[in-house]
Structure formats: C-alpha cells, structure tokens
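Peer 1: Sequence:
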Amino acid sequence: MHKLRGGPGPPVQDIYEFSLDEEDPKVFLGARSARVVSPAADYIRSEHEQAGMFSLPQMEAGQEPIEPMVPLKKKRKRCGVCGPCMRKENCGTCSNCLNRKIGHQICKLRKCDELKRRKSPWE
Numbered sequence: 328m329h330k331l332r333g334g335p336g337p338p339v340q341d342i343y344e345f346s347l348d349e350e351d352p353k354v355f356l357g358a359r360s361a362r363v364v365s366p367a368a369d370y371i372r373s374e375h376e377q378a379g380m381f382s383l384p385q386m387e388a389g390q391e392p393i394e395p396m397v398p399l400k401k402k403r404k405r406c407g408v409c410g411p412c413m414r415k416e417n418c419g420t421c422s423n424c425l426n427r428k429i430g431h432q433i434c435k436l437r438k439c440d441e442l443k444r445r446k447s448p449w450e
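The opening residue of the sequence shown carries number 328 in this note's numbering; numbering runs sequentially from there.
No more than 30 Å apart at the CA atoms, straight line, and that leaves these computed lysine-lysine pairs for DSS-like:
1. 402 - 428
2. 402 - 435
3. 401 - 428
4. 415 - 435
5. 415 - 428
6. 400 - 443
7. 443 - 402
8. 435 - 400
9. 428 - 400
10. 428 - 404
11. 443 - 428
12. 404 - 415
13. 400 - 438
14. 428 - 438
15. 401 - 415
16. 404 - 443
17. 415 - 443
18. 438 - 402
19. 415 - 438
20. 404 - 435
21. 438 - 404
22. 438 - 401
23. 415 - 400
24. 402 - 415
25. 401 - 435
26. 443 - 401
Keep in mind the hints are simulated off the structure, nothing from the lab. Keep in mind it's a predicted model, so treat the numbers as computed, not measured.
All chains, please: the whole structure from these sequences, using the hints.
Peer 2: Right, dumping it as structure tokens:
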C-alpha cells in the first residue's frame with residue numbers, strides 16, 4: 328500500500344464522503360456535464376493551442392480555403408496488361424505472402440512491372 332506523506336496540498340479526505348449539491352460544480356453531474364471527455368483531453372488541447380499546433384485559422388464568410396503549397400502525390404495504379412498483373416493467385420511462398428497479416432503487400436510474383444520501375448525526377 329501507499330504511505331501517506333505530509334506535504335503541500337489539501338488534507339486527505341475520504342473519497343466516499345461528498346455532497347451532490349448543484350452549488351458544487353466539481354461534483355454535480357447535471358445537464359452541463361453531458362459531454363464526456365477525459366481530463367487529459369482538455370489539457371492536451373490547451374497545450375497544443377498554446378503551442379500553435381492545434382488551432383486552425385478562422386476563415387471569414389467570403390474567404391476560400393488556403394491550398395497547401397506541396398502538391399499531393401498521385402496514387403500509382405497497376406497497368407493490368409503485364410504478366411504479373413494477369414496472375415490471379417498469390418504464390419503463397421514469398422515473404423510478402425507469408426507475412427500478409429503484418430505487411431499488407433502484394434505477392435512479389437503479382438507486383439506490376441510498371442510499379443517496379445521508378446520514374447526519374449526529371450521526367
């Protein structure tokens with residue numbers, strides 16, 4: 328068990344002795360406290376707002392959203408005509424097939440040839 332130490336703070340009270348008065352906002356569970364949030368969530372939100380990491384700039388009614396400076400990457404798709412694309416079943420023996428639950432990678436024999444080739448940055 329934990330030893331009680333004398334130190335700064337309020338004196339130790341029995342946690343089962345409290346009142347349910349509306350005047351005590353810490354204990355009263357009325358309509359005002361319908362929102363269920365962990366105590367740490369408010370602390371984290373306030374810390375992020377102070378650091379400027381959480382709050383978003385307020386937009387006016389006629390203002391359009393700001394576009395990000397970095398263009399989004401296009402998702403590469405399989406060509407559908409090469410040999411690996413035409414295969415219908417996995418081999419079941421390669422490392423990707425054996426590690427399917429963790430890796431979520433396609434079978435090495437079914438990976439598209441077009442996806443294997445990396446585009447050079449100047450193309």
